[in-house]
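Undergrad: For reference, the chains in residue letters:
Number of protein chains: 2
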Amino acid sequence: MTTEHDAACEGESISAYGTARATVEDQPLNTDDLRKIDAYWRASLYLCLGMLYLRDNPLLRDPLKPEHIKPRLLGHWGSDAGQCFTYIHFNRLINKYDLNAIYISGPGHGAPAILSQAYLEGTYSETYPDKSQDIAGMRRFFKQFSFPGGIGSHATPETPGSIHEGGELGYSVSHAFGTVYDNPDLIALVMVGDGEAETGPLATSWHSNKFLNPITDGAVLPVLHLNGYKINNPTILARITHEELEALFIGYGYTPYFVEGSDPASMHQAMAATMERCVLKIREFQDKARHTGTAFRPRWPMIILRSPKGWTAPRKVDGHYLEGFWRAHQIPIPDVVSNPAHLQLLESWMRSYRPEELFDAQGRLIPELHELAPKGKRRMSANPVANGGLLRRPLDMPDFRVFSIAVQDAGGTRADNVPTLGHFLREITRRNMQNFRIFGPDETQSNKLDAIYDVTQKVWLGAYFPEDADGGALALSGRVMEMLSEHTLEGWLEGYLLSGRHGLINSYEAFIHIIDSMFNQHAKWLEKCNELPWRAKVASLNLLITGLVWRQDHNGFTHQDPGFLDVVANKSPNVVRIYLPPDANCLLSVTDHCLRSVNYINVIVADKQTHLQYLDMDAAMAHCAKGAGIWEWASNDMGEEPDVVMASCGDVPTMESLAATALLRQHLPDIKIRFVNVVDLFKLVPHTEHPHGMTDREFEALFTSSKPVIFNFHSYPWLIHRLTYRRPAQHHIHVRGYKEKGNIDTPLELAIRNQTDRFSLAIDAIDRIPRFCDTGSGVREILLNLQFACKNHAYEYGVDPQEITDWQWPFRDTP
Amino acid sequence: MTTEHDAACEGESISAYGTARATVEDQPLNTDDLRKIDAYWRASLYLCLGMLYLRDNPLLRDPLKPEHIKPRLLGHWGSDAGQCFTYIHFNRLINKYDLNAIYISGPGHGAPAILSQAYLEGTYSETYPDKSQDIAGMRRFFKQFSFPGGIGSHATPETPGSIHEGGELGYSVSHAFGTVYDNPDLIALVMVGDGEAETGPLATSWHSNKFLNPITDGAVLPVLHLNGYKINNPTILARITHEELEALFIGYGYTPYFVEGSDPASMHQAMAATMERCVLKIREFQDKARHTGTAFRPRWPMIILRSPKGWTAPRKVDGHYLEGFWRAHQIPIPDVVSNPAHLQLLESWMRSYRPEELFDAQGRLIPELHELAPKGKRRMSANPVANGGLLRRPLDMPDFRVFSIAVQDAGGTRADNVPTLGHFLREITRRNMQNFRIFGPDETQSNKLDAIYDVTQKVWLGAYFPEDADGGALALSGRVMEMLSEHTLEGWLEGYLLSGRHGLINSYEAFIHIIDSMFNQHAKWLEKCNELPWRAKVASLNLLITGLVWRQDHNGFTHQDPGFLDVVANKSPNVVRIYLPPDANCLLSVTDHCLRSVNYINVIVADKQTHLQYLDMDAAMAHCAKGAGIWEWASNDMGEEPDVVMASCGDVPTMESLAATALLRQHLPDIKIRFVNVVDLFKLVPHTEHPHGMTDREFEALFTSSKPVIFNFHSYPWLIHRLTYRRPAQHHIHVRGYKEKGNIDTPLELAIRNQTDRFSLAIDAIDRIPRFCDTGSGVREILLNLQFACKNHAYEYGVDPQEITDWQWPFRDTP
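Protein sequences, first through last, are from chains P and W.
Numbers given in the working numbering equal positions in the first sequence, counted from 1, plus 760.
Numbers given in the working numbering equal positions in the second sequence, counted from 1, plus 760.
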């Protein structure tokens, strides 16, 4: 393993800007290069300020007046100069080495920086023709920024070249790595804010380099922007010693190269030299691995750019620090409309970039500068990787029916749901070795998907020990990615999908909450993409949630939280789907559907233990296509109005609900029961609110309009009430689910605590059927005694009684 | 600043265990010490295995038979030996230096390790007398572990000495730091799993040392346990080079000391020497700071303990690696009941610890070993810091009424809600300089709580620059803690509260989702504590949520997510409270209540912008005490049945709802409207489901039994339906709220998108009052035109029209 480390480490210097200090001494730019690159940078900075301030007079062809200024000033200046600087210097290398690259903007609210680049490169006007490269277009380009009806101050989906909005901080590095996996030609240049670097997700995502194969994957070039300040505070990494800072990134497995200063001329030379060194290092490592055919983990290069926050702004305004201090974070001079001196200051500042030298009479960037930008798809704002739907190839899908479980008698056989899915995923993996990956936090085997390891392994560029041969499933390349960070996994997968590929995460149910916020952001991203015709659709993000609340006898209370579905249900019906397949064949059918879909987040909830099987493959496909339906074989209402509807959603609740149905039929032989199962949760919602929703007529055809419904639900019961509250028959629906009662209980004991067990459900039904108010009371007592005996058995032996764990649907000749 | 670094760095050695390699060469243990400490360790390991396996025959006084084994084997062996080892070696130093220390167990499922210590120290039997220190007690102690009706395999609240369950991973270091802030005498020994070290929250929490003052705070001694494996995978940190590992922790600001090996005798010497060195280093740094009176940030010591996973287990079983491999993670030999050879192997293994030498005839630890444990409150299992309610002193609370806003005319004045709270918090801070802290992710000033900086500053042990004097508010000690990691803040606060102090977090609403999962875990912790009479009540965890969804004109769609309340509402009604005060005086009253409460999580939702004020302090106190009530001054139903109930919950929605009420009264003079405001969200729930809930009679006294209710809600509208679904009048409640429609909109424009604006609400009312079906249609059109004009104004000028932003309640002489 290469452990090369050749960064300079010169003493302690953490406050000085002044002359640039770079890790290479070259002066790669000749005078003309330097002049032009600086002019291009000035053009960028002029555009950034224009976006923040101007609604008219875009090129200051007239003296600046208050009426040219937007009435409400919104936007951020803080990281713009450093980001433009980095972007432009990479352009030089794209041209010189014909690089395939994208740019990911980590710092918050840095959109002006990349919008200015997209505009200068022409991509913006190609995407939005009214934002043309002339004075009128520039005026519209400025005005729309952070303005109602316009665009936001993050790198939102509306931004050409962006796959990373950055509204919430912390995911830039994992997104960047996600794009380069299986993209051997790509370099993701990722600017990391020193604010976001304090977040947990970012802090661990540096370790992504232990999962990057230099032969089959591309490279990430991180630029840590030591901008120095957040909103009102210094950043931690800008206030530790140089020795600590350097050690930290060596510790993370990188060779840090420092570019530090504030003098533009020397900083240009330093950045040009350093960036070129990094690109050559990347190529060197890749060449070595690719020529020898042996993957290894080099100390990948990264850059630490220490430049003043708000770089090139006035150093002080009214005696207070602006450039190089946190006051440069947002609008640098906020009162320009009411303060004539400040308006004057702004005008002088903007004119100091000499826009008249940069844009021609029509307002177009002058040709000698336009030449600096890469061309066509080499422009980072126009790289199709950042509109990954353009590159997406559908998965080569095997016929999932091949993996089906034979079901002779409904509820009469037992099989493994998730392991069965594992066989299907194995085959998908085998057929799609370049564009499908599976992600899990050290749980793919624990979640019983290990059939996948028949055809692939876990990618691992860490050290190898002899023991690894004893079932480690590690390899230098592999389609399974495991790291104990749900944040990093989710970030990788998002990057992988947004750059045109496919994937699936598997995770324990309780801990998928760790990425609630990432889920929210991705859902919002997709929602906005739906409004943009130029954004090609990407593969859906598939979350397989297992290790479920109902089977936590060794993990206990902390592992019992099925509430992720509540978070999901808050997002737009255009982008979210939730499936709770009751058995293995339904799980196969649902997963097949999800992996073929685009622009959704699909949540599939399926337990990893062995379960009763109910539907053969044809029945499963029909059931999943409908999303909810009556199970005739478990019903005895013969198409008439039943006494009660027993309904279920989720694998474990379905078994208990069926067992309750059997108990009722055994103890009350003349009871008429209809059994309904729901696979697709949004079926419950009115069709006016979700594309999958049922009409009221369809709803009542299943649940009746007036009969009691005993609905056993996988998650918190209130979600069902929320989804069905508009149904006229809602008040007849009695829902059971997890209500935060638990410990290291046996499965039945946990169900009893939450009243989702067969006995409680049967009693619920009896209590709601008027004609059993007499006969029911004896049965009620029998059921309570059975329930009590089961609990006692668990306390004595630590397991549920055999008749519970071996329970099968007892009727074989039902209508 | 001290940058001392004296750890040894000897080459590359990441797979060898063998003879211990320590950073100091001393042999601090004489032969007798060594023998005893090893015996104590063996006693611990014996107990761990006993917990995993035995339901009877606890001391193997009889040959081991299948019937002695628990029917279902649940539990984890992986980290037990390393954790016991660390704990025991610290005991020696507690005795030698009279240390005040607690132990935090980071690795997952490591409970056997600390349960064994609590049992050996006697604390367990003191807390649970039936788990006595004799054979019968040991049998019960073993059987209850991971057994229904017993205790879990994490360090659950039932565990004496634990403040950190560790069911979810990632929070051990931030919890540890939370306990030592303002606890100058305390050392928190925190064992960090190398699995959890991969999580984002853990990865950034190492930086907590930049917020630790060596004079006024205690110290954290982290022990990174390079156990090598997670469930099925190697850990990243165990598979990077020694150079990288050492650099990483130097980068994090620590001096790492390595203890590596597997040979017990040499490992005992190495650990004893290294730990002592660390304790002396801590004392040296503290002494230096305390004697000079100048706080500084030293390179605090930390230990990297590389020992085999499952240490002391058989190296191989049936040809597969056990000790030193991931197979040692859980039950090390799972089939002992069915496999006689394996039962025999287990018996030999357990007997290899020589229990007969360790426990006397009665089953009690022999006196010479019992002497090794610290005594009384010095036992880490009995330190009152880990039952922090015992140490909690109520806050010295100023009279919040002093800070009230004068309100002459309801809805006729404007004031700042959160800034007003800032004055109250300033005074609380001033009076409670040792046991109250405020936490925020760089947002305390942005959230307009900066009045606090009149009396304190932000604690900061990073470097200082000259600019910091220009409004930086940084100091070596301070009561405000800011880091851009919601995870770390939440972890610090939890640690601070659980060790007996008080605090409050302020955060942007959308990003409080980042800690959904931590919230869940803390709620579960509190819920279990409520079942344990010996756990003294701790101060509530107070979350001030601001930067709300409705005021995001510069942050846009990513910052619009009010769904945290849905997550909160899923947790037990015993522990969660949600308040949405409509104005400044209500916010003061609610916060006063929350800061006096115990064992809750209080969520307070309040916008940071200027708002209309409605209630004078007396009215506010009465309103908050009721939690929901009729605002007579805004109603004109004169106590009769109104045509419509206009209801609101949340500050922004209340203003729109009042404006809608005014529009209706202006345009339909004979309309009768009742105005209801809800402060305490759980008032809406039936009293049978939450202690704050109203009876149906109370509910109908506010909302009527049959009149339309137009309910304007702060968050997603479905939450109101969920909370009220059992109310007979539920179908008359028409709820508006955020429904995931947004961009960089002006406040009114955003409201219009989500139909929470005054015009939409008034139209909602008209549409639901039958007697206005004719007259209403003209008004409807007027309202739609007004709405349309407002939108156009925003698109043209970027702001809402003046009559909207200046709107006041227009009726001054209402009944």
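A hint or two may mislead.
One copy or two, it doesn't matter: identical chains are merged, so the pair holds either way.
[Stated by the list, open to error] Once the Cα atoms are required to be at most 25 Å apart in a straight line, the calculated DSS-like pairs of lysine-lysine come out as:
no., residue 1, residue 2
1, K1137, K796
2, K1137, K1297
3, K1297, K1501
4, K1048, K1076
5, K1137, K1048
6, K1499, K1297
7, K1501, K1551
8, K970, K1135
9, K970, K1501
10, K1135, K1386
11, K1467, K1432
No lab work stands behind these hints, which were simulated from the structure alone.
Undergrad: Would you mind marking each hint as holding or not holding in the structure?
TA: Results for each hint:
no.: 1; hint: K1137 / K796; result: within (22 Å within a copy, 72 Å between copies)
no.: 2; hint: K1137 / K1297; result: within (19 Å within a copy, 62 Å between copies)
no.: 3; hint: K1297 / K1501; result: between (42 Å within a copy, 21 Å between copies)
no.: 4; hint: K1048 / K1076; result: neither (50 Å within a copy, 39 Å between copies)
no.: 5; hint: K1137 / K1048; result: neither (28 Å within a copy, 61 Å between copies)
no.: 6; hint: K1499 / K1297; result: between (38 Å within a copy, 23 Å between copies)
no.: 7; hint: K1501 / K1551; result: within (15 Å within a copy, 48 Å between copies)
no.: 8; hint: K970 / K1135; result: neither (33 Å within a copy, 46 Å between copies)
no.: 9; hint: K970 / K1501; result: neither (40 Å within a copy, 40 Å between copies)
no.: 10; hint: K1135 / K1386; result: neither (50 Å within a copy, 67 Å between copies)
no.: 11; hint: K1467 / K1432; result: within (11 Å within a copy, 38 Å between copies)
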